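With the sequences and hints as input, model every part of the structure.
Protein chains in written order, with the working numbering: chain A, 1 to 414; chain B, 1 to 414.
Incorrect hints may appear among the rest.
[Said to hold, decoys possible] Here's a subset of chain A near chain B, in silico, CB distances under 10 Å, partners left out:
hint, residue
1, 36
2, 221
3, 262
4, 312
[As the list claims (entries may be wrong)] Here are the computed lysine-lysine pairs in the DSSO-like style, where the Cα-Cα straight-line distance is at most 27 Å:
hint, chain 1, residue 1, chain 2, residue 2
5, A, 83, B, 83
6, A, 342, A, 55
7, A, 55, B, 198
8, A, 55, B, 13
9, B, 83, A, 22
10, A, 22, A, 55
11, B, 85, A, 22
12, A, 13, B, 198
13, A, 55, B, 368
14, A, 13, B, 333
15, B, 55, A, 28
16, A, 198, B, 13
If you are wondering where the hints come from, they were derived from the structure by calculation, not from laboratory data.
As the structure is a computational prediction, the values presented were derived from the model and not from experiment.
Ideal Cβ positions, reconstructed from N, Cα and C, are used throughout, including at glycine.
Listed below are the residues making up each chain.
Protein chains: 2
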Amino acid sequence: MTAAMFDYAPLFKPGLPAPAAKWTGLAKYNFVGGNNDADQVPVEGLMAAAASVLKREGHTLATYGLANGPQGYVPLREFLTTKLKRDAGIACAAADILITSGSLQAIDLVNGVFLARGDTAIIEQECYQGSINRLNRLGVNVIGIPLDCDGMRMDALSSALDDLKRRGVRAKYIYTIPTVHNPTGSIMPQARRAELLKLSQAHGVPVFEDDCYADLLWDGQRPPALYAMSEHGGVVHVGSFSKSIAPALRVGYIVAGWDILSRALAIKTDAGSGALEQMVLAEYCAPHFAAHVTALSRGLRVKLDTLMEALAEQFGTAAEFEEPKGGIFLWVKLPDTVDTLKLYQSALRAGVAINPGPEWSVDAAHSKSRMRLCFASPTVEEIRDGIAALAEVCRTEFGVPLRSANVMRAAGRL
Amino acid sequence: MTAAMFDYAPLFKPGLPAPAAKWTGLAKYNFVGGNNDADQVPVEGLMAAAASVLKREGHTLATYGLANGPQGYVPLREFLTTKLKRDAGIACAAADILITSGSLQAIDLVNGVFLARGDTAIIEQECYQGSINRLNRLGVNVIGIPLDCDGMRMDALSSALDDLKRRGVRAKYIYTIPTVHNPTGSIMPQARRAELLKLSQAHGVPVFEDDCYADLLWDGQRPPALYAMSEHGGVVHVGSFSKSIAPALRVGYIVAGWDILSRALAIKTDAGSGALEQMVLAEYCAPHFAAHVTALSRGLRVKLDTLMEALAEQFGTAAEFEEPKGGIFLWVKLPDTVDTLKLYQSALRAGVAINPGPEWSVDAAHSKSRMRLCFASPTVEEIRDGIAALAEVCRTEFGVPLRSANVMRAAGRL
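Structure (structure tokens):
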């Protein structure tokens, strides 16, 4: 190629997001991303599943969607009907499920069905970053509802809905992660779910239920899904295999009525989601899912305990948190003097990756000194060493935690 | 659920496409869709590949993108650099490749980087339906360039570019399928490729090269890719494994400079494309791709010959076509009295699915009596029986082919 290279700049679509930076690898102590425990990927089971399903049905890969139609591989949808009934109380048929390329595509499709620029959406004040970013890019007005230890506060939701009604605005949906909330790890109790459904119905605003962390529970217990409890159908439910099996597999799903699915299908112009991943998951999950998730959750609980101990040792009272009910992340409050956006930058230079609070919240002030720590991927040694390194960075930059406090606490444990 | 179901209708985004119809299965004689030959899916090879790559690297599925970064599994990108060099003359590095969820996502990302409502794009007059539909949905002005047996006509392209220049319009790209064109099956000769690149450079309009059928060649020969021939870099290249291995696997790719890839990555918010399909493809293709594609093409050629014979027998001179240079489809001209949009409806009722010409063209008059027939998926028996059934429908509805003509021809073959 010559020096006079083609200049694309004048041709790019206006308003594109900033170009991606070149990927430089993962941090040494990686407390970000929904990654899972490498030792707990059921490799032997997936190998056996791949062998048996390919041997039996491999030739069907010659046809788009395995000739199972655009909603996805039928045995995977049938497995989901069983799993959703058992775990979430959802009575649905395979025809009510659309398999997607991860729950991110599910969110994109639901957004694509409902949201136009200038619309209003209600979310939890602290919320999955990917959902917040999507709403911002779509130019949607986002209303964040404050949380308590049981999830979205119904008094605040009721006020917000009343306020919108006064202004003549009908929100497009109420997005919630009710079962192992991201980032707080709370589970909304059944009574509050009923309240939420009542408000949804009264205001004609549907619920968008994101249940993608709901398989990872310390005690295996959860209330029924909002989708299951609704008597009027105004709930769209999405889920994923990323947290229960492996995130690099991109398989999620939408459970909804045909009025929603027929419109989601009309904008799902990808000729189907990856079939091999669907086939292997169906073959593996039908016999093994429940036992795998129980064992996986037990292992994750050990890592959470390690993380909470390490925070107590290294940060002392400077790190406050509610113990999550399941999942892969801990939402931590540091002293008000700490700005986690700055801490994030300094920590990254020291090899520690954290999620700064403001990226997981629509309330900048509330989240300024908070951070999300994902504990599934690092080993217990990496958790201990990484939190020690993070405390050192935080102390250098913000003067907390005090050295004496945590040395005393550590000594107390000997 | 009660009778008073939630009414979503007032909440849907305005301007959605028509809701999807419920899927009712494939036609008995299925001459549509980019499906492949079920007998030629390399099932044993894929099984072996799945076993070896999962055993060696299965635990990496615990990390999004296998910790290979957002551009995709490195061994797959490395295989592609070798294949693209050997087959298409493209010298590129793994860093110049972005793995996508099928070439449809690749097209969506390139469109997302360049196209805003009201923009202008140049395409071939007859063109892949998925590309035409995407441009229409994006509200882009489409200029179709007529074809001859060597692909896009350069005199017509030159006139169109001059005309745009006079009107002060700079098109965003020239989209072309130069190597086994869809639907005509032509291959653009090297000299014409050079002309195309000269016009592209002179007018500052980049080339969007869709090479997704280019692996299926009767004689294994093809000119270098436009991407390889360009001396100024103004080419974005996309490809796919759908036609060479299996369409139900959703793995495609973009080859482009970092100026393009960094912007495509910024709007690829799917947390990576499916990793298992990438892993299995890399493991299978590195040793087996070339031999597989040679054998596959040989089998497809037999099916094409069967289709051309069946058309000659059943339609006689009423079906005209140029023999394609490779691929999986034949572009057929029927007598002017035939409206293939009507034929499509009647044929479907008789169990025969065809692609009516107007769905694969931006010139309604030129394509009215043309149709695309895909021959990779049906068996040779289904090809013969399906074309006989199609001829019967066409005769009943349009009076052609005449019965005497084809009976005479058939008799002549005994």
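Tested hints:
Interface hint at residue 36 of chain A: satisfied, since its Cβ lies 4 Å from the closest Cβ of chain B, which is below the 10 Å cut-off. Annotation: interface hint on residue 221 of chain A violated; nearest CB of chain B at approximately 25 Å, more than 10 Å. Given the 10 Å rule on beta carbons, the hint for residue 262 of chain A holds: about 4 Å separates it from the nearest Cβ of chain B. Of the supplied interface hints, the one on residue 312 of chain A is violated, with its beta-carbon coming no nearer than about 27 Å to a beta-carbon of chain B, more than 10 Å.
For the proposed pair residue 83 of chain A and residue 83 of chain B, the alpha carbon gap of about 43 Å is over 27 Å, so the pair is violated. With a C-alpha separation of about 53 Å, the suggested pair residue 342 of chain A and residue 55 of chain A falls outside the 27 Å cut-off, and the hint is violated. Proximity of residue 55 of chain A to residue 198 of chain B is assessed by CA-CA distance (about 50 Å); at most 27 Å being required, the pair is judged violated. Between residue 55 of chain A and residue 13 of chain B, the direct Cα distance comes to roughly 44 Å. Violation of the 27 Å bound is thereby established for this hinted pair.
For the suggested pair residue 83 of chain B and residue 22 of chain A, the alpha carbons sit about 24 Å apart, so the restraint of at most 27 Å is met. Distance check on the hinted pair: residue 22 of chain A and residue 55 of chain A sit about 40 Å apart at the alpha-carbon level, beyond 27 Å; violated. Of the supplied pair hints, the one linking residue 85 of chain B and residue 22 of chain A holds, its CA atoms being roughly 24 Å apart against a limit of 27 Å. Taken as a hint, the residue 13 of chain A and residue 198 of chain B pair is honoured in the structure, with Cα atoms around 24 Å apart against an allowance of 27 Å.
Between residue 55 of chain A and residue 368 of chain B the CA atoms are separated by roughly 44 Å; this puts the pair beyond 27 Å, and the hint is violated. Of the supplied pair hints, the one linking residue 13 of chain A and residue 333 of chain B is violated, its CA atoms being roughly 39 Å apart against a limit of 27 Å. Distance check on the hinted pair: residue 55 of chain B and residue 28 of chain A sit about 25 Å apart at the alpha-carbon level, within 27 Å; holds. As the CA atoms of residue 198 of chain A and residue 13 of chain B are separated by approximately 24 Å, the hinted pair is consistent with the 27 Å bound.
The structure does not agree with the numbered hints 2, 4, 5, 6, 7, 8, 10, 13 and 14 stated previously, though it agrees with the rest.
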